[in-house]
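Residue numbers (my numbering), protein chains in the order written: chain E, 1 to 149; chain A, 1 to 149.
Quick caveat, the hints were computed from the structure, so don't treat them as lab data.
Since the list gives no way to pick out one identical chain from another, each pair is judged satisfied if it fits inside one copy or across any two copies.
The calculated lysine-lysine pairs, modelled on DSSO-like cross-linking and capped at a C-alpha distance of 30 Å, are:
no., residue 1, residue 2
1, 132, 113
2, 76, 128
3, 61, 143
4, 61, 5
5, 61, 132
6, 61, 29
7, 61, 32
8, 128, 105
9, 76, 105
10, 143, 29
Listed below, chain by chain, are the residues.
2 protein chains.
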Amino acid sequence: MTEGKKALLVMGCPEVPVQMSIAVYLAQKLRKAGYDVTVAGTDAAVKLLRVADFDSYYVQKTVDLDQIIPEIVEKKIDFDLCFAFMHSDAGMTYGATFSAISRAKLYAVVFGKNAEELAKTIDYPAEKIVAKATHNPTPLKNKIDRVIL
Amino acid sequence: MTEGKKALLVMGCPEVPVQMSIAVYLAQKLRKAGYDVTVAGTDAAVKLLRVADFDSYYVQKTVDLDQIIPEIVEKKIDFDLCFAFMHSDAGMTYGATFSAISRAKLYAVVFGKNAEELAKTIDYPAEKIVAKATHNPTPLKNKIDRVIL
Chain E
1 MTEGKKALLV
11 MGCPEVPVQM
21 SIAVYLAQKL
31 RKAGYDVTVA
41 GTDAAVKLLR
51 VADFDSYYVQ
61 KTVDLDQIIP
71 EIVEKKIDFD
81 LCFAFMHSDA
91 GMTYGATFSA
101 ISRAKLYAVV
111 FGKNAEELAK
121 TIDYPAEKIV
131 AKATHNPTPL
141 KNKIDRVIL
Chain A
1 MTEGKKALLV
11 MGCPEVPVQM
21 SIAVYLAQKL
31 RKAGYDVTVA
41 GTDAAVKLLR
51 VADFDSYYVQ
61 KTVDLDQIIP
71 EIVEKKIDFD
81 LCFAFMHSDA
91 GMTYGATFSA
101 ISRAKLYAVV
111 FGKNAEELAK
121 TIDYPAEKIV
131 AKATHNPTPL
141 KNKIDRVIL
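Using the sequences and the accompanying hints, generate a full structural model.
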């Protein structure tokens with residue numbers, strides 16, 4: 001049973017196009033599996049999602065990263081699962097942050113042209129979902145479909 | 001009355017993140033205004049859209065650019081409106097192509113960091129919708145909202 005369980009998706013800077021497609025896809029997949037899903041992101045990432053999903057058909061809850069991090073630190077909120085999207089050194093720090101502050105089971109979703117090298121640098125407990133995807137979402141979608149049924 | 005009228009959206013290479021968000025937003029806006037909407041794009045652009053809009057809630061018809069161009073040339077299909085998204089020199093050729101082959105009223109949606117310079121190079125009849133947006137979709141969305149009520 002996943003009813004009542006909470007999942008957080010964390011989007012970094014939206015410069016690699018696959019991030020938003022996969023985040024929306026994964027959010028819906030988790031919701032259909034019974035999770036209460038929140039998508040956090042940088043200001044631009046959240047705006048891109050809100051314009052694309054204008055009717056909130058796929059994603060009902062979005063929140064700014066700068067808002068959710070203190071709330072987790074202060075134990076006002078926490079999640080059962082956390083998927084951190086990363087494609088750059090800067091993005092890698094989000095995974096480390098959520099690993100440190102949240103009790104959620106952490107999934108590191110690593111993509112972009114340096115995905116494999118970046119994934120090797122993850123030194124905190126996380127299930128890694130890694131694909132070299134930048135413009136074509138299919139490799140990353142297939143990896144996600146293997147982890148989340 | 002726009003009932004029965006057809007609109008085509010043309011997406012180029014998806015490297016600038018605002019393209020997909022704005023294309024999905026505009027597609028829905030045109031559909032709500034009564035247009036039969038088709039979204040054409042490169043293979044990666046269409047895949048990104050299909051993964052993000054997995055239930056076809058916002059976009060019902062997608063087609064590969066390489067398929068639709070010959071169909072318009074051979075007069076098997078045509079549109080009343082055509083919105084060509086462009087953010088690079090390569091993308092600018094799509095606008096010129098659709099200007100040449102289609103009888104549709106053409107809108108050149110020009111974005112990315114060189115949007116203003118690119119827009120000046122358009123030398124075919126087109127209504128220009130221009131915003132420097134790359135990661136933040138709001139400037140381009142606002143321009144579109146002024147053109148399409």
